[in-house]
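Peer 1: Listed below are the residues making up each chain.
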Amino acid sequence: MSQTKPTDVFLLEAEDLLSVIEQGALDIAQDMTDSDCINRLFRAFHTIKGSGAMFGFDEVAAFTHNVETVLDEVRSGKISFTPTLIELILASKDHIKNILAEDADKKTGETLTSELALILGTTQTQPSPSQEAKETPAQKESGPKSYQIYFKPSPDIAAHGLEPASLLDELRDLGACRIAIDLDELPKLDELQAESCHLAWNIELETEQGIDAIKDVFIFVEDESTIRIVQSDTPQSSAANQNNDSAEAAPKQPAKASPKKSGVPQSNVRVPSEKLDRLVNLVGELVMNQSRLSQISTSIDSTELDTPVEEIERLVSELRDSVLGIRMMPIGSTFGRFRRLVFDLSSELGKEVELITEGEETELDKTVLDQLGDPLVHLIRNSLDHGIESPETRAAQGKSPRGTLRMSASHEGSQVVVKIEDDGQGMDPNKILEKAIEKGVVPPDANLSEREIFNLIFHAGFSTAQQVTNVSGRGVGMDVVKRQLESLRGSIQISSKQGAGTTVSLTLPLTLAIIDGQLVEIGGDRYIMPMSAITENVEITADERTTQNGRNLITVRGDLVPYIRLRELFEYTDAAPPIEKVVIVKHNGERIGFVVDRVLGSHQTVIQSLGKFYKEIRVVSGSTIMGDGKVALILDVAGLIADDANRFKLAATV
Amino acid sequence: MTDNREEPKQFITFRLGDELFAINVSQVREVLELSEITKVPTAPDFMKGVVNVRGTAIPVVDLRQKFGLPSVENTVNSRILVLELELDGEECILGGIADSVHEVIELDQESVSPPPSIAMRWRSEFIQGMGKHRDQFVILLDIDAVFSSEELALVEPNSSPTTTSES
Chain X
0 MSQTKPTDVF LLEAEDLLSV IEQGALDIAQ DMTDSDCINR LFRAFHTIKG
50 SGAMFGFDEV AAFTHNVETV LDEVRSGKIS FTPTLIELIL ASKDHIKNIL
100 AEDADKKTGE TLTSELALIL GTTQTQPSPS QEAKETPAQK ESGPKSYQIY
150 FKPSPDIAAH GLEPASLLDE LRDLGACRIA IDLDELPKLD ELQAESCHLA
200 WNIELETEQG IDAIKDVFIF VEDESTIRIV QSDTPQSSAA NQNNDSAEAA
250 PKQPAKASPK KSGVPQSNVR VPSEKLDRLV NLVGELVMNQ SRLSQISTSI
300 DSTELDTPVE EIERLVSELR DSVLGIRMMP IGSTFGRFRR LVFDLSSELG
350 KEVELITEGE ETELDKTVLD QLGDPLVHLI RNSLDHGIES PETRAAQGKS
400 PRGTLRMSAS HEGSQVVVKI EDDGQGMDPN KILEKAIEKG VVPPDANLSE
450 REIFNLIFHA GFSTAQQVTN VSGRGVGMDV VKRQLESLRG SIQISSKQGA
500 GTTVSLTLPL TLAIIDGQLV EIGGDRYIMP MSAITENVEI TADERTTQNG
550 RNLITVRGDL VPYIRLRELF EYTDAAPPIE KVVIVKHNGE RIGFVVDRVL
600 GSHQTVIQSL GKFYKEIRVV SGSTIMGDGK VALILDVAGL IADDANRFKL
650 AATV
Chain P
0 MTDNREEPKQ FITFRLGDEL FAINVSQVRE VLELSEITKV PTAPDFMKGV
50 VNVRGTAIPV VDLRQKFGLP SVENTVNSRI LVLELELDGE ECILGGIADS
100 VHEVIELDQE SVSPPPSIAM RWRSEFIQGM GKHRDQFVIL LDIDAVFSSE
150 ELALVEPNSS PTTTSES
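Chains as they are written, first to last, in numbering that gives the first Met the number 0: chain X, 0 to 653; chain P, 0 to 166.
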């Protein structure tokens with residue numbers, strides 16, 4: 000692995016900060032007076048500016064400076080937040096992102112800069128009443144004040160690349176300064192850690208600058224360090240109401256230190272995902288070899304061997320679980336990304352939408368999460384565009400003018416269900432059916448249940464933009480969404496009530512690396528079917544294999560269920576056993592059977608991709624190495640059905 | 000097609016029918032004896048399936064069929080050449096079944112000539128050059144190009160059945 004470049008570190012850091020900015024701006028949109036949030040925003044911009052300049056991203060630094068100036072005014076209460084400002088901040092964030100990606104449009108930057116300047120300009124010409132109450136760095140009207148500052152940096156401050164002495168120098172620049180060192184914490188010489196900072200300082204500072212200027216000195220260290228800033232009672236300045244400021248600042252500062260960083264866990268290690276992938280692969284190999292070892296030890300049957308083999312089995316399974324656990328990430332970060340989407344879309348469409356997210360802590364494999372983004376964007380767009388009505392329409396129907404979009408995630412067994420619910424107009428099954436018949440997706444005399452009708456929108460032939468706006472609006476590329484989910488071994492269900500809203504449920508596996516499967520045998524070859532889809536296994540004898548109207552059907556507890564004989568699909572020519580097994584699978588709410596020779600039992604296994612060469616093969620989604628070293632293929636239910644339908648079609652046309 | 004790729008001079012030779020081919024050693028990871036191949040259902044015939052190479056399932060193709068030669072039964076001499084390919088900028092591991100694998104030979108630049116454009120049974124875009132080793136012609140394959148192509152046969156569609164035996 001190559002050494003990480005410092006600029007890469009900055010880019011990663013900037014990415015984090017930009018998302019802090021986005022979340023912060025959206026939080027402020029909810030509560031414009033949230034001072035914590037304003038501070039968080041300011042700090043994020045400040046850090047981007049500082050580190051940007053340090054790593055040579057001068058354009059970023061220069062542009063960010065403008066935003067920072069405006070935010071500083073907000074922080075000091077001179078400007079209050081407006082929706083326009085929030086949009087400006089979001090746009091600035093996008094612009095910074097573009098600059099970093101070397102994809103920026105100079106004009107956008109200039110427009111933003113001038114708009115930001117405009118906001119500054121208006122406030123400077125119209126001083127708000129609050130301005131006089133609070134003193135700001137920009138406005139040093141009052142005389143020098145004195146502050147008592149206690150500064151105790153965290154022991155590992157040096158490891159963060161900061162030097163206390165330089166901070167003290169900065170304080171000296173603010174005004175006359177008396178610094179006294181506090182050696183109370185200094186350990187005995189033999190316990191002294193040379194790299195740690197054991198010192199604290201008591202500082203008396205007389206300055207004409209405000210308390211914010213002092214806080215700015217400590218801006219990079221305030222989370223880890225203990226900082227108390229108290230304005231002394233020395234009545235050097237005239238303004239009495241300044242006491243408010245200090246009284247407010249004093250208790251706040253130390254209290255803030257811990258909860259401020261609540262979003263970021265204490266110590267994290269950033270690891271490139273390739274390294275993790277390698278680890279997962281190695282553990283996968285270990286699991287396979289361990290099961291071979293167990294098999295061999297069973298055949299040798301030695302008590303001496305059994306104990307260590309069992310111990311290894313336990314260790315390996317623990318190792319596997321914890322390694323896979325590393326890849327698990329809470330879905331909250333993915334949800335967070337959509338706040339912006341909902342914010343932008345709803346203002347664009349002139350709708351009022353509240354986004355509610357639930358179950359953010361639900362964990363999913365990173366690979367799944369990464370690939371979940373696109374389908375979710377699609378579904379949210381659909382909901383906002385076509386589901387939720389305009390405020391007027393909603394009011395006319397007696398609904399609250401503000402629509403609700405609810406995204407939730409929860410565990411259901413070994414799967415995760417992600418739901419996107421809206422309280423919009425819902426879908427009209429009659430209109431969908433009408434359109435489907437018109438498009439020739441279903442025959443005119445089709446008698447379909449409501450669920451079957453809703454499933455029609457996943458039909459590839461159903462989805463082009465115009466038809467969809469005529470129908471209640473869903474279906475733009477829904478077939479694509481469905482395919483993306485199937486490639487993640489997930490599924491999608493839709494339910495809708497006209498006038499009341501639509502719910503889309505996505506069912507996803509926890510991880511892509513391991514599959515819980517059922518081992519089956521066909522003609523001596525072993526295959527694995529994903530357990531999540533299987534509902535039951537039944538037997539079928541040669542006599543029972545009746546073919547009705549060219550379709551294979553079996554009676555399962557009174558219902559006729561279609562089945563596919565994998566023997567035929569896979570073109571095995573040897574004789575089938577007299578009694579075969581049918582694995583009944585639920586696919587898109589329908590039951591379908593797969594006929595195999597034998598069912599060998601359940602099998603949890605590590606999935607290996609078959610790679611580029613077999614990407615065209617739909618019936619198989621991957622492979623795994625069995626205990627005896629042979630390769631078993633993992634069957635793909637959706638692919639099997641599609642392939643069978645294709646063969647059926649081909650046979651019909653010949 | 001790639002005269003400039005001649006710095007590594009070691010090649011591994013293998014035989015398909017009566018033709019001797021060579022692949023740059025840097026693209027051959029290892030040579031294996033035939034082990035049990037798991038067939039992948041519904042895959043085209045030349046894609047023989049997957050084998051377990053130390054815990055990794057590797058796809059295996061029949062080089063004969065890929066090259067448009069008639070398929071034969073595997074013999075004790077049949078080998079799997081585990082190849083490292085680059086397809087569309089992606090590294091790819093693939094096993095190819097050859098009738099037999101011979102030796103590693105060294106060819107210097109003088110003994111390699113560009114592929115003749117006429118009287119060739121093999122399509123020139125898949126061939127780096129012709130080498131001569133112990134008075135025998137060796138076809139140096141551009142194995143990336145071979146597997147980047149969707150097409151099955153390496154044989155020129157309108158070539159005469161005569162081989163390029165000009166020795």
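Each hint should be verified, as a subset may be incorrect.
[What the hints assert, rightly or not] Mimicking DSS-like on lysine-lysine, the simulated pairs with C-alpha atoms at most 25 Å apart in a straight line are:
| # | chain 1 | residue 1 | chain 2 | residue 2 |
| --- | --- | --- | --- | --- |
| 1 | X | 614 | P | 38 |
| 2 | X | 629 | P | 38 |
| 3 | X | 430 | X | 365 |
[Said to hold, decoys possible] Label-pair distances were calculated between CB atoms; the ranges are:
| # | chain 1 | residue 1 | chain 2 | residue 2 | range |
| --- | --- | --- | --- | --- | --- |
| 4 | X | 312 | P | 123 | 54 to 64 Å |
| 5 | P | 87 | X | 504 | 34 to 44 Å |
| 6 | P | 123 | X | 348 | 57 to 67 Å |
| 7 | X | 479 | P | 74 | 22 to 32 Å |
| 8 | X | 332 | P | 14 | 49 to 59 Å |
[To be verified] Listed below are several chain X residues computed to face chain P (Cβ distance under 7 Å; list not exhaustive):
| # | residue |
| --- | --- |
| 9 | 78 |
| 10 | 80 |
| 11 | 201 |
| 12 | 569 |
| 13 | 614 |
Because the hints were derived from the structure by calculation, they are not lab data. Each residue gets a CB set at the ideal place from its N, CA and C atoms; glycine is no exception.
Peer 1: If a hint holds in the structure, say so; if it doesn't, say that too.
Peer 2: Going down the list of hints, with the structure as the test:
For a cut-off of 25 Å, the pair hint linking residue 614(X) to residue 38(P) stands: about 15 Å separates their Cα positions. The straight-line distance between the Cα atoms of residue 629(X) and residue 38(P) is roughly 11 Å, inside the 25 Å bound, and the hint therefore holds. A hinted pair counts as satisfied when its Cα atoms are at most 25 Å apart, and residue 430(X) with residue 365(X) does not qualify at roughly 39 Å. Between residue 312(X) and residue 123(P), the C-beta spacing of about 56 Å keeps the proposed range 54 to 64 Å intact.
The supplied range of 34 to 44 Å is met by residue 87(P) and residue 504(X), whose beta-carbon atoms lie about 36 Å from each other. Separation of residue 123(P) from residue 348(X) is about 58 Å and conforms to the stated range, judged on CB atoms against 57 to 67 Å. In this structure the hint that residue 479(X) and residue 74(P) lie 22 to 32 Å apart at CB is violated, the actual value being about 48 Å. Checked against the hint of 49 to 59 Å, the C-beta distance between residue 332(X) and residue 14(P) comes to roughly 56 Å, which is consistent with it.
Interface restraint check for residue 78(X): the shortest CB-CB distance to chain P comes to about 50 Å, outside 7 Å, so the restraint is violated. A cut of 7 Å between beta carbons decides the hint on residue 80(X): the least distance to chain P is about 47 Å, and the hint is violated. Residue-level restraint check for residue 201(X) is violated (minimum Cβ-Cβ distance to chain P is 61 Å; threshold 7 Å). Here the hint on residue 569(X) is kept, as its CB sits about 4 Å from the closest CB of chain P, short of 7 Å.
Restraint check, residue 614(X) versus chain P: the minimum CB separation of about 11 Å is more than 7 Å; hint violated.
This entry does not satisfy hints 3, 7, 9, 10, 11 and 13, going by the numbered hints stated previously.
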